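Starting from the structure of chain A, add chains B, C and D where the hints point.
Chains as they are written, first to last, in this note's numbering: chain A, 10 to 110; chain B, 10 to 110; chain C, 10 to 110; chain D, 10 to 110.
Note that these hints are calculated values from the structure, not bench results.
Just so you know, not all the hints are guaranteed correct.
Pairs count within a copy or across copies, as identical chains cannot be separated in the list.
[To be verified] DSSO-like, lysine-lysine: derived pairs with alpha carbons at most 27 Å apart:
{"no.": "1", "residue 1": "K66", "residue 2": "K44"}
{"no.": "2", "residue 1": "K101", "residue 2": "K44"}
{"no.": "3", "residue 1": "K101", "residue 2": "K66"}
Given the structure is predicted, the values throughout are model-derived calculations rather than measurements.
Number of protein chains: 4
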Amino acid sequence: MNVILDLCIVPIGVGVSLSPYVAACERVLAEAGLKTVLHACGTNLEGEWDQVFAAVKRCHEVVHEMGAPRVSTIIKRGTRTDRAQTIDDKVKSVEAKLAGL
Amino acid sequence: MNVILDLCIVPIGVGVSLSPYVAACERVLAEAGLKTVLHACGTNLEGEWDQVFAAVKRCHEVVHEMGAPRVSTIIKRGTRTDRAQTIDDKVKSVEAKLAGL
Amino acid sequence: MNVILDLCIVPIGVGVSLSPYVAACERVLAEAGLKTVLHACGTNLEGEWDQVFAAVKRCHEVVHEMGAPRVSTIIKRGTRTDRAQTIDDKVKSVEAKLAGL
Amino acid sequence: MNVILDLCIVPIGVGVSLSPYVAACERVLAEAGLKTVLHACGTNLEGEWDQVFAAVKRCHEVVHEMGAPRVSTIIKRGTRTDRAQTIDDKVKSVEAKLAGL
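For reference, chain A alone in the conformation it holds in the complex (with noise of 0.2 Å):
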């Protein structure tokens, strides 16, 4: 089961300055051969679901490791099965209809 995922993670006791945190997050998700679009607000990630799972469950033990007390985390997360569908299309989707009016 393939999904598309927004990921937001929010370190609690470290602070105000969470970029070390997010940029962290992200080598994670690199490391583990994700397509990853990161925006103001969470990563964009694609993937098959048991490798995207332990991506981000590494990515809570990686924060913790770095001394965040605690960890709140966004996923917002869609699969289908009417047909495959990527990041790209998604946005590509949006665009054109966009365009056509």
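Using the frame of chain A, we list chains B, C and D on its own:
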């Protein structure tokens, strides 16, 4: 690693009545032996990470098997290493603050 | 337009104990006359759109006034035009499906 | 109060093709003069609180007007009082950390 999670599953392409799908997921979670608390916008879960995410994956599969071509899910999730905390602890902690004011 | 909303407020930069901030938000919501149901990962609210969002904005302001330099919030929100529905209706609808199986 | 927000709108009860609804919301946001960045799981917005939430409310209304009986939305939102920050700043901040490693 223990996790407290809030799960909200939205089947897409099956009309407006989603409660049969939510009920099916509640059964999946109960069969997995997870403690759950249902609320109006999701379900609180607690358990060991791998057990929890295996059950969440099974929810996606079941909702697809029931006929939903797309499933959109939102997960809010917290882990903490500084101390153990349950779903009940979290609610009681806020209620204690409210009572004390 | 009526709205059912799930609000989760995470102050950033104030350490790991967040319940005083959640309790302060509960009081803001109660003073606004909104029906709320607290759970382990947020608070369910229902009310008229403008009244609800004025209260949510006030929560952000109060948490900043308490000293949090950053506030991260997750809102899940639903509106429907096909019929009126309350927080209680949503939970009962799922429970009815579970009981009937 | 300035806000950075990630908006994800899911119409329910209109089938599986949601891009026309997302495109309509993109137009609402552009007409409101908001800076937006579209990604595969939502749209980043930045602006003044009241302006942003007026546009978000208008998105819900437009999607209902297009025929969706239910609309489910996820908002992740951040405010900060310690310094001004834009959507671009947030991405650049992570990229700088990645480049430095």
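At most 27 Å between C-alpha atoms: does K101 with K66 qualify within a copy, between copies, both, or neither?
Answer is between; shortest inter-copy Cα gap is 25 Å, intra-copy 30 Å.
Checking K101 and K44: alpha-carbon separation at most 27 Å within a copy, between copies, both or neither?
both (17 Å within a copy, 19 Å between copies)
Check K66 against K44 for me: Cα-Cα at most 27 Å, and say if that holds within a copy, between copies, both or neither.
both (17 Å within a copy, 21 Å between copies)
Checked against the numbered hints above, the structure breaks none of them.
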